[in-house]
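Using the hints, put the two chains back together into the complex; each one sits in its own frame.
The chain contents come next:
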Amino acid sequence: MSQSRRFNHKKAEFTFAQLFEDMHNRIDLRNRISNTLMAISLYEVRSKSQNIPKYIEDGQSLSEGSLETLGYLVEKCKETNHLYFKKVFTDLLTEKGSSSILDARAQTKYEKYREGFQILQKLLADIKAEKGMNKETQTKVKEFLMALDREIEVAYEMEDSLYFGYFRRIPLTT
Amino acid sequence: MDISGESPSRPDDLITYRVEAFFRILRDVREEVGKSKIRGPAEGKFKTLISDITTSLEAELKDIISEISEISDQNIRIHRSGTIHRIFEDFHYVVSSIIRQSQQIPVELYYFIDDMLFQLKEVPEIHYVLICGPDLSTTNFSDGLVSLFRTFPETRNKIYSIQRYLWEVSIPPFLLTNPMDWPMIIHEMGHIMEKQFFKVVDEYYTPEEADIKYNYAIEFQADYIATCLMGPVFAVRVLINYFTKEIRISHTHPAWKERLDAIEEHLKKNNLSFEEYKTMSKNLPPESPRIRRDNIEHLSDIFKKTYNHIKDAIYKTSSADEAKALKKLKRFAPYTDNIRVLLNVAEKGKKHILSLASNSEKREQLEREFNYLLSDAIRMSYLKNFFAPVFRIS
Numbered sequence: 001m002s003q004s005r006r007f008n009h010k011k012a013e014f015t016f017a018q019l020f021e022d023m024h025n026r027i028d029l030r031n032r033i034s035n036t037l038m039a040i041s042l043y044e045v046r047s048k049s050q051n052i053p054k055y056i057e058d059g060q061s062l063s064e065g066s067l068e069t070l071g072y073l074v075e076k077c078k079e080t081n082h083l084y085f086k087k088v089f090t091d092l093l094t095e096k097g098s099s100s101i102l103d104a105r106a107q108t109k110y111e112k113y114r115e116g117f118q119i120l121q122k123l124l125a126d127i128k129a130e131k132g133m134n135k136e137t138q139t140k141v142k143e144f145l146m147a148l149d150r151e152i153e154v155a156y157e158m159e160d161s162l163y164f165g166y167f168r169r170i171p172l173t174t
Numbered sequence: 001m002d003i004s005g006e007s008p009s010r011p012d013d014l015i016t017y018r019v020e021a022f023f024r025i026l027r028d029v030r031e032e033v034g035k036s037k038i039r040g041p042a043e044g045k046f047k048t049l050i051s052d053i054t055t056s057l058e059a060e061l062k063d064i065i066s067e068i069s070e071i072s073d074q075n076i077r078i079h080r081s082g083t084i085h086r087i088f089e090d091f092h093y094v095v096s097s098i099i100r101q102s103q104q105i106p107v108e109l110y111y112f113i114d115d116m117l118f119q120l121k122e123v124p125e126i127h128y129v130l131i132c133g134p135d136l137s138t139t140n141f142s143d144g145l146v147s148l149f150r151t152f153p154e155t156r157n158k159i160y161s162i163q164r165y166l167w168e169v170s171i172p173p174f175l176l177t178n179p180m181d182w183p184m185i186i187h188e189m190g191h192i193m194e195k196q197f198f199k200v201v202d203e204y205y206t207p208e209e210a211d212i213k214y215n216y217a218i219e220f221q222a223d224y225i226a227t228c229l230m231g232p233v234f235a236v237r238v239l240i241n242y243f244t245k246e247i248r249i250s251h252t253h254p255a256w257k258e259r260l261d262a263i264e265e266h267l268k269k270n271n272l273s274f275e276e277y278k279t280m281s282k283n284l285p286p287e288s289p290r291i292r293r294d295n296i297e298h299l300s301d302i303f304k305k306t307y308n309h310i311k312d313a314i315y316k317t318s319s320a321d322e323a324k325a326l327k328k329l330k331r332f333a334p335y336t337d338n339i340r341v342l343l344n345v346a347e348k349g350k351k352h353i354l355s356l357a358s359n360s361e362k363r364e365q366l367e368r369e370f371n372y373l374l375s376d377a378i379r380m381s382y383l384k385n386f387f388a389p390v391f392r393i394s
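Protein chains in written order, with my numbering: chain V, 1 to 174; chain A, 1 to 394.
Where hints are given, some of them may not hold.
Stated by the list, open to error - Covered by chain A, according to a simulated footprint, are these stretches of chain V (three or more residues, beta-carbon under 8 angstroms):
#	region
1	16–26
2	34–42
3	51–60
4	140–150
To be verified - Partial list, computed: chain A residues near chain V (C-beta under 7 angstroms):
#	residue
5	E67
6	E70
7	I71
8	D73
9	I76
10	S97
11	S137
12	S147
Since the hints were made in silico from the structure, they are not lab data.
We put the beta carbon where it would ideally sit given N, CA and C, even for glycine.
Just chain A, same shape as in the assembly (with noise of 0.2 angstroms):
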């Protein structure tokens, strides 16, 4: 920390005259926030966010640095201020990793996600900010920030009111350039909405009571969700990255065979097949789970009442679709009337298209090429869909 004009002698002086400086480290994040572009639909309420905890922090470092120099035990003054600049610390760091990890993230995501939400008639503005991390995870940025600010109560005090929920989703990199793979990402969707809306699972397990069978319970029906939502595609997502594990997923999940298995149920009530599993599926090793599906008593409850708040949005398709569909992608055209549809036939696209190249070279290149060609359809999906109003008035 930079620290201008002459030091202080004494050490009382030097620990109170260090704590002054963190006004400093508030305004660098003010402005770095103030000048930093996020992108997505929760730039303003990010960007407010920490405009006034800064702000309110501000006022209230001046109480805290009045209690310390209060203080008679120098060795209470020092915990204090070391207190002090762990947490401003960690405020400037994960401040700093959403504005640099964000800047990862293609726009065309966020048109997937939002109109995957725009379907869901049941569940109000979810607000959230997609960060590049090592690996798919979801957390709530207002929780975290409650737990930093302990020692400025006024503060802590004002953060549930200013932004109650802000959902950080981290996303890895492999995931993020083959738009094929961002059904995975409606799970991650799941588990926010329970957790902000739905809370069907509190109704039958709480993490204080069965741990185990509360965490199992929440994954199962995040997999529930997204698979109602996305359809098959959600399901070869899930077993391909079974094999190449280029998404790393928490240990806290249940077995694999369990998720598939699920899964595959839940195609089937929905009329929907999961061809890819009954060949796959005999490659899978036994795994022993900490428990089993069946010792979650509750899971089919779970689903039935999470069905009612999704169902208006639940995936369905006819063959005229996906092959109209796949005619335009065999052509190497966008297909632009229903994102799900589309990522839904794209790995047969894929395949048809990478089966016309020559070499290896050609090969990659084609299929880099065919990842923004879904991207670019996604895009022109979201806005046709989005400014179709408009072109109706006019």
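With the rest of the complex left out, here is chain V (with noise of 0.2 angstroms):
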């Protein structure tokens, strides 16, 4: 199904403080991806940058956010406190609501965002613990997460339009 087809126009009566929320939360959310994706490459060419620490946090607390989420969301794990991370991983695994979380797509993609975060909580940790990368498991973490951005990106692609657009929604004056 299209994107302009997935998206749910009644919930789109969005203010402009949930837009610039939304926005926001979802530019940090990218932000985040392309931080770690930062650690991974620096710590690569061995970069004496004094910001690979906090990527690495970054990194970390996407891989611990999104992991906790898509238990929460899948496996009925303990509640989780990353909202916005839980809106996005519904939306995603649901296609926005227009499939169930329990159908065969959505499993085969919770594996593979599982699978994807840990593999990139144990890259990171062995980062941090100086015990260098291995090649294949750089690349594929990489992949994952480039993929993963572009996958947000096309989601809500209306969602930016609608924000970028706001204020020529503005309605006569009387």
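This is the structure:
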């Protein structure tokens, strides 16, 4: 199903504040993904950048938060307080509510995300412990994170357009 | 983006070259903000925040570019460059939106809000910017910036120390032109007071534990604050808005009938009446809210605790004050003793004035002029109070 058909216009009755917060939560999440990629890539070239520990921290919170959220959504593990993660993974697993989280397709996606974040978690722990990196694992994690970022971008392109065009929607005054 | 000079021929150089052009965006933002006039008391805070952030970003961008040039994987370089571009695009957009959309706000609206906040002795200064938008809603600009700049760790760490709260209140144009609707904005100020100072709802509910109860509780609380501070005029405007839908309100709010029932109860407790509701409430259709008001078990405690923060400024009036204000308005003269009394009698005054119009054209003109009269009265009232100590000295 195309993205535009999946977009629920009824739900699109956002206020400015809701769109502003939603947009910035999404940028924050995508920034975490970008910082995680930087952590791996800078470590790979043995960079002296002082930002590496912060990027690793972002990667760790990204993987922990995502695994906790996925566990809650699919395995009914303990409730998560990562509200925005919950929204995004629900939307990605169910294609924004157009299918059930119990569907085979959602289960396959869940397995893919879980595996990706578990490998990431291990990789970051190895980087932190100065254990070095396996080239294959490193490539796999990078591909996983870039694909996830792209999935998020595609899933919310309508919301992004709404946000950037919001002030064009001001009604006429009387 | 305009890149002067010779274009680089290798893809790696091009990426670095484009990222370097972001310095110009930062300079443009700083210049645009420096030249602009933002109405309201938070202009200085807004300009300082943007100036400090752009300075910090400029310094940090050098490190970011150096990091990008170190990376061997071209795909990651492209990804990082795209991320930085997206951040700067949004930063420019949010800043420009505030500059552009704040120009349409009448200065009298700031006077109205400041006069209201001045009565609240328990509430410290609130820094806010009003912008013209499609709906009535509020957000903390500083929170948005913190989310935006995760890839700039040094800048991100500074934002809250420069300005922890800078509220951005979106106000629809219809509401801007009619001062009788301005009390609706006090509902938004109620949200701001709760989130920045009171934190009463947080004692009972958290978004993590009970999302819907928390959301409804803060809406009922904001109605309570606006009703207590503004009196019946707030209730009437909410009721009218239910029927006209002129002001878009988020679907996250509780059912209209429950909101209006609660507002009526608050007015009764303050010995104020809501006559309009007695007849118009019959026209409200039944709704099925996600949860009913009775299910928010701590609501009365929330109201009690909120009352302690706003008790100095509860709306009280005498029939003599109201009669004096109404008499002035009926003569099309400004009443400048008390803005809240003015707005509470404005509907009656307007009805009287419009009844004098001989045709629809005159009626429309009178209605517009009556709105100007209210704006003028608000400005004069504010200035009279503001300069009162000066007059006494002289």
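Evaluation of the provided hints:
| no. | hint | in the structure |
| --- | --- | --- |
| 1 | 16–26 | holds (count 8) |
| 2 | 34–42 | holds (count 6) |
| 3 | 51–60 | holds (count 3) |
| 4 | 140–150 | holds (count 3) |
| 5 | E67 | holds (5 angstroms) |
| 6 | E70 | holds (5 angstroms) |
| 7 | I71 | holds (5 angstroms) |
| 8 | D73 | holds (6 angstroms) |
| 9 | I76 | holds (5 angstroms) |
| 10 | S97 | holds (6 angstroms) |
| 11 | S137 | holds (4 angstroms) |
| 12 | S147 | holds (4 angstroms) |
Checked against the numbered hints given earlier, this structure breaks none of them.
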